[in-house]
Each structure stands twice: as C-alpha cells, then as structure tokens.
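2 protein chains.
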Amino acid sequence: MKLFEILVTNDDGLNARGVKEAAALMRTYGNVTVVAPSEPQSGKSAAISLENTLRLNLVESLSASEELGSLRIYGFTGTPVDCVKMGVNLFIGEGRMPDLLVSGINHGSNASVASVYSGTLGAAAEGAIYAIPSIGLSLCSHNPDPDFTGVIHYSRIIMDKLLETGISRGIYLNVNFPNLPLEEIKGIKLAHQGHGRWIREFDKRTDPRGREYYWIIGRFLNLDDAQDADHNLIDNGYVSIVPHRVDNTDYQEIERLRDIWSF
Amino acid sequence: MKLFEILVTNDDGLNARGVKEAAALMRTYGNVTVVAPSEPQSGKSAAISLENTLRLNLVESLSASEELGSLRIYGFTGTPVDCVKMGVNLFIGEGRMPDLLVSGINHGSNASVASVYSGTLGAAAEGAIYAIPSIGLSLCSHNPDPDFTGVIHYSRIIMDKLLETGISRGIYLNVNFPNLPLEEIKGIKLAHQGHGRWIREFDKRTDPRGREYYWIIGRFLNLDDAQDADHNLIDNGYVSIVPHRVDNTDYQEIERLRDIWSF
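In order, the protein sequence lines correspond to chains Y and W. Just so we're aligned, residue 1 is where the first sequence starts under this note's numbering, counting upward by one. Just so we're aligned, residue 1 is where the second sequence starts under this note's numbering, counting upward by one.
Everything labelled a hint here was simulated from the structure, so no lab data went into it. Check before you lean on any hint, since a few could be wrong.
No distinction is drawn between identical chains; accordingly, a pair holds when it is met within one copy or between any pair of copies.
Claimed, not checked - In silico SDA-like pairs for lysine to any residue, Cα to Cα no more than 25 Å straight-line:
{"hint": "1", "residue 1": "204", "residue 2": "49"}
{"hint": "2", "residue 1": "161", "residue 2": "200"}
{"hint": "3", "residue 1": "161", "residue 2": "4"}
{"hint": "4", "residue 1": "204", "residue 2": "259"}
{"hint": "5", "residue 1": "204", "residue 2": "91"}
{"hint": "6", "residue 1": "204", "residue 2": "168"}
{"hint": "7", "residue 1": "189", "residue 2": "245"}
{"hint": "8", "residue 1": "204", "residue 2": "40"}
{"hint": "9", "residue 1": "189", "residue 2": "97"}
{"hint": "10", "residue 1": "161", "residue 2": "262"}
{"hint": "11", "residue 1": "204", "residue 2": "145"}
{"hint": "12", "residue 1": "161", "residue 2": "218"}
{"hint": "13", "residue 1": "20", "residue 2": "254"}
Extracted from the complex, chain Y is given alone in its bound form (with noise of 0.2 Å):
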C-alpha cells in the first residue's frame, strides 16, 4: 500500500479531541503532520495574521510502526489559514508538498452558511489553493468528548475514495456528520451548501462597571427546504458531503450583468 503524506489541522485547537480523533485515523492512511492551533480558533474562516507575530513549538514526534505512519505534532500560535501555510512551508522546506489536506474533526456543525465563518472550512479552502486535495471533516455535536465511531467509519470510505480518485483542482468537501450512533446513520449523500441564515445575534449585557457589551449568539433560520440541502440531509440521518470552490466567481451573474449594465 502506498504511504500518504497527510497535513492536519483544525480550528478548536491542538487538545481538542477531534483533532487526535483525525491525526490517529490518518495514521492508518501514511505519515501525518499536525500543524493545529495553540488556541481554540472556532469561527476564524480564512483569516490569517496580520497584525501579531506567530510561534511554532513541536509537541510530539512518533516514529512509523508496522501498522501506523509516523506523527509529529506542532502547536500554531495563529489562525486555522496560518496553520495550513505554516504546514505546507515545513514539507516544502523538505522539498515536498502534503498529499492531503484534512481539517478537523470538528467539534459543531459546519453544515449551511456555518462554512462561511467556519475556520475548519477556511483551513480547507488553503489547501485547496496550494492544489492538495483538502478535505474538512465536522461531528455536529459540541459535547467535547462525543462517540466518534460513526464519523470514523465513515471517514474511511469517504477518504478511501478521495485517495483513489482524488478531487478536482480548486474544490475542497465539506463533510459534516449527524450526531448519531453507527447503526442509525443512513448512508452518505452529497449536498448543495444549505440555504440560511442566523437570527437573534447579540446577546447584549451590562459589564460590572454598568457598561453595555455583547456575545455573539444566534439561531439557525433554515431557508431552503431542498431534500439535498446538507443541513436537511443530516437532520435526516446522513453524512453529507458539499464540494466546495476556491474560485467564488458567478460566471451567470457575469453574464447577466453585462447584459444589463453597459460601461
């Protein structure tokens, strides 16, 4: 069998269990790199560091066994996009690029308009820009130490196609999975990025000085009723899986508006 050469990351941080969850399943696949985030970075999307210094520190090193690829595990002090730029940059400085991109497991939903704040998806969309296939992997559930055997079960057949075949240049799959026992997931279908949007934003409170401030909250308005909608899909028992686009142009649009605008 063919070793991969496979780059990890997510956004809830390097001692978040999803992304231990990942790094071992990938292990069964070739070498892994972790290169994850020192600090939970939930809701990042793509941003990168601008303004702030960053700080690599090597966590751990495991050598290759019979069975397992070798791990090394890296803490990141940026974004979930700086961590895949930071990854990519250690295997080219070893004059190689990642045969994979994987990016969670997230702890929460990425399903809907969730992959546009979401910074597992952000981390995806990096790697999609370097040209490795990527892939961002979501359990629907915010409990911490949730049951994880569905989404590995399922991962593997999703990762055993995405090995042998590959993906086109330019897309990255968002894969989420229902917060269910084995037995009860249905199957794997894939999706359109569900219509909706988040209502009821702030929660706004008063500070013990009696200033005014707010947390961001919101509730999740389902606005598309489409059985193939990935968030419908999983509310119906199946891992849903959207393949999504670095190039966001709407080349319709651009027709439609150069019929109707003239310069």
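Place chain W on chain Y using the hints.
This is chain W only, laid out in the frame that chain Y set:
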C-alpha cells in the same frame, strides 16, 4: 430622488481614510450608518468573534442636509462580519433593513485569491447572507493617504447601476480599482476571480531572548493568463467587478463525483 438607507463598514478600521471616503460618497445617495471595526481587521475573512465580548460606541452623528443624507458612525470592537451583524441588528431594532451594504474603501487589492482572506469581502458576503445588495470596494494601494479621485468617479457609475437594477440574491460584488490617476483609468470590466496564490509566506526572525517567531509575508504568484482575470484587468488599467456567491457549492463536481463515487 429616493433616499437610500446605506450600511457602511470596512476592515482597515474606523480611522482609515477609505471608510470616510465611502461614507461621504454614500451620503449623496441617502442616510448612512457606519459600523466599522475599532481596530484594523485586515485579513480577517468572514471571521466572527466567538471567544470574546464586543463593545459598541457611537462616535459621530450628523443630521441630513439638503444635499447629503444623515450620518451616524459607530465603532465596534469586532471583525468586519461582526460589524455587519451589529449594523443589521441596529436596523432590525428600528424595524427595517439597509437597502445597500458598502464595505471599504479598502486600502490594498482584494483581487484574485486575496478575496478569500479579505475582511472587506467577508463583510460583503455577510451582507449577501442577509439578502442585502452588497459591494466591496478596494483601491490597489497601501498608501494610507492615496488619491481617491478615480475610485469616487467610477464608484458613482457602479452605484448608479447597482441601485437601479440590483443584483441577484446571494451575490455580492468585489470591485477593485487600479492605483492610477482618473484620466489613466481605462474603464470598468466584469471579471472572474483570478487564479493565483502566495509563495514565500514566512519571515522567520529571532526575538531578543533568542526564540524564533514568524511574520506572515508573501509574494503573489499569478497562475492565470486570462485577460478577464480581475488582477490582470487591474494591471491593465481597468476597474474590475467580480460577482461572488454565498453558495459556494460546485454543482458540476457533485455530478462528477456522483458518477465515480458510489456509496
């Protein structure tokens, strides 16, 4: 003439010249509410603040005159997307929604893959999620005090079209202006998000205590020789307009994967 209700934000922060230029321009179209980051937020993409609390401060308030709409300026301690959420929250509290969201005028290019990392574009995406016609404006100069004459001239032409015809739901516009005197700008062109990426992305330094740290840097690598790639149009003296989409699904890749992957 109809007076429009316009929400303005940016990612360079409340004190940048660009957002003041945008507010002044938009007051000729209607009443302007600025909710801009208290501190610079370049490169923040569509990040939202989940780990920290946020403060809102009213900075300035001017009544409408015969020729200009009213102006109210708020500083908000979050990201550009946080600012849009708060701006929309203010409007919702008043029982209405903005007619238009303007993000910018950014100091620096947001063409090609810069649009992925851009806080200016993250804010415009957020406007589109709320179904508000939304536009990001960026001048390809990092001079903090550049010549905005060409930007203002061509922004008026684009705003007139946008407010007359609207854009399709779920679309937002990424407009980039070349850093040229007005008379040297050749015109406006619809464009696609140019293909490219950054290389040599880290400046590694040693701190006074002998420990290594990094700054993110990089040089743009142009991977697109199409004439209608946005960064190429700008280099050739044109104002570029790219329609971006909130729904980032690649529907062709769904069909391709459906054929080759069977679950």
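How would you classify residue 161 and residue 200 at a CA-CA limit of 25 Å: within, between, both, or neither?
Neither: 40 Å inside a copy, 32 Å across copies.
Under a CA distance limit of 25 Å, which applies to residue 204 and residue 168: within one copy, between copies, both, or neither?
neither (45 Å within a copy, 34 Å between copies)
25 Å Cα cut-off: does residue 20 pair with residue 254 within a copy, between copies, both or neither?
For residue 20 and residue 254, neither the intra-copy (44 Å) nor the inter-copy (30 Å) Cα distance is at most 25 Å.
Reference check for the pair residue 204 and residue 49, CA-CA at most 25 Å: within, between, both, or neither?
Cα proximity of residue 204 and residue 49: across copies only (14 Å, versus 28 Å in one copy).
Within, between, both or neither: residue 189, residue 245 at alpha-carbon 25 Å
both (18 Å within a copy, 23 Å between copies)
Check residue 204 against residue 40 for me: Cα-Cα at most 25 Å, and say if that holds within a copy, between copies, both or neither.
Cα proximity of residue 204 and residue 40: in one copy and across copies (23 Å, 24 Å).
With 25 Å as the alpha-carbon cut-off, assign the pair residue 189 and residue 97 to within, between, both or neither.
neither (30 Å within a copy, 36 Å between copies)
Is it within, between, both, or neither for residue 204 and residue 91, if the alpha carbons may be no more than 25 Å apart?
Answer is between; shortest inter-copy Cα gap is 16 Å, intra-copy 45 Å.
Homo-oligomer pair classification [residue 4, residue 161; C-alpha up to 25 Å]
Answer is within: at 14 Å inside a copy they meet the 25 Å cutoff, but 51 Å across does not.
Up to 25 Å CA-CA - residue 145 versus residue 204, copy category
neither (30 Å within a copy, 37 Å between copies)
Intra/inter-copy verdict for residue 161 and residue 218 if alpha-carbon distance must be at most 25 Å:
neither (36 Å within a copy, 34 Å between copies)
From the Cα coordinates, with 25 Å as the cut-off, is the pair residue 161 and residue 262 best called within, between, both, or neither?
Between copies, since 9 Å is at most 25 Å while 46 Å is not.
Hint violations for this structure: numbers 2, 4, 6, 9, 11, 12 and 13, all remaining hints satisfied.
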